Amino acid sequence: GQQVMQIPQYQHVQEGEDFTTYCNSSTTLSNIQWYKQRPGGHPVFLIQLVKSGEVKKQKRLTFQFGEAKKNSSLHITATQTTDVGTYFCVSSGSARQLTFGSGTQLTVLP
Amino acid sequence: EAGVTQSPTHLIKTRGQQATLRCSPISGHTSVYWYQQALGLGLQFLLWYDEGEERNRGNFPPRFSGRQFPNYSSELNVNALELEDSALYLCASSLDLATNEKLFFGSGTQLSVL
Numbered sequence: 001g002q003q004v005m006q007i008p009q010y011q012h013v014q015e016g017e018d019f020t021t022y023c024n025s026s027t028t029l030s031n032i033q034w035y036k037q038r039p040g041g042h043p044v045f046l047i048q049l050v051k052s053g054e055v056k057k058q059k060r061l062t063f064q065f066g067e068a069k070k071n072s073s074l075h076i077t078a079t080q081t082t083d084v085g086t087y088f089c090v091s092s093g094s095a096r097q098l099t100f101g102s103g104t105q106l107t108v109l110p
Numbered sequence: 001e002a003g004v005t006q007s008p009t010h011l012i013k014t015r016g017q018q019a020t021l022r023c024s025p026i027s028g029h030t031s032v033y034w035y036q037q038a039l040g041l042g043l044q045f046l047l048w049y050d051e052g053e054e055r056n057r058g059n060f061p062p063r064f065s066g067r068q069f070p071n072y073s074s075e076l077n078v079n080a081l082e083l084e085d086s087a088l089y090l091c092a093s094s095l096d097l098a099t100n101e102k103l104f105f106g107s108g109t110q111l112s113v114l
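Chains A and B, in that order, give the protein sequences. Quick note: the first sequence uses my numbering, first residue 1, plus one each step. Quick note: the second sequence uses my numbering, first residue 1, plus one each step.
Worth flagging that the hints you see were computed from the coordinates, not collected in a lab. Note that the coordinates shown come from a computational prediction; the quantities given were computed from them, not determined experimentally. Do not take every clue at face value.
As the list claims (entries may be wrong) - Part of the chain B face toward chain A, derived, beta carbon under 8 Å:
{"#": "1", "residue": "A19"}
{"#": "2", "residue": "L39"}
{"#": "3", "residue": "L43"}
{"#": "4", "residue": "F69"}
{"#": "5", "residue": "P70"}
{"#": "6", "residue": "K102"}
{"#": "7", "residue": "L103"}
{"#": "8", "residue": "F105"}
{"#": "9", "residue": "G106"}
{"#": "10", "residue": "S107"}
Glycine included, C-beta positions come from ideal geometry on N, C-alpha and C.
This is chain A alone, in the form it adopts within the complex (with noise of 0.2 Å):
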């Protein structure tokens, strides 16, 4: 099935730093979602990307599938303590099967 790398695994930042999390593909993805769990939650969806460099914003939040669509990346701006979660990205493959990357995990530390 479709293989998405995600990085970094970890991710510590001080509370009003910016943080990036980016997604990886061999192949080609026809479209790219993300989601957020946070600590004993479960995924949450954000957001989905389908065109060619689609860029999305969601307030402190910006989505961008890269040209090629091979790869994709969200960007928090200003964290917050709210912030604090595992972000996924997830592919869709064949058969419908949604593939999840392995996520990062963010601290926000106040």
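Dock chain B against the given chain A, drawing on the hints supplied.
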């Protein structure tokens, strides 16, 4: 609108036993997905059911099986439990992934195998 519900919340079993986990999708959703999340790790795809049929399965042994009922609820069965089966099992439902619909997750069942 009720979300995806899973039961039980926690399940403790011993090696060799069988476990049954249950999931009710959001009303109107016909697809149910099962994922395994071992402690501190990502989500591994287990099974996908749609309209009562198994449509796809991940790289797991046959002792992981399940079914989907006419009301679209689903069961995941794990036979001959092994210690490494201890994990959070998440169920998700969607309306229609073919149209790029998102997944809605339940809160999961924490399975502990002793």
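Hint check results:
no.: 1; hint: A19; result: 19 Å, violated
no.: 2; hint: L39; result: 12 Å, violated
no.: 3; hint: L43; result: 4 Å, holds
no.: 4; hint: F69; result: 20 Å, violated
no.: 5; hint: P70; result: 21 Å, violated
no.: 6; hint: K102; result: 4 Å, holds
no.: 7; hint: L103; result: 7 Å, holds
no.: 8; hint: F105; result: 4 Å, holds
no.: 9; hint: G106; result: 7 Å, holds
no.: 10; hint: S107; result: 5 Å, holds
Comparing the model with each earlier hint shows violations of hints 1, 2, 4, 5; every other hint is respected.
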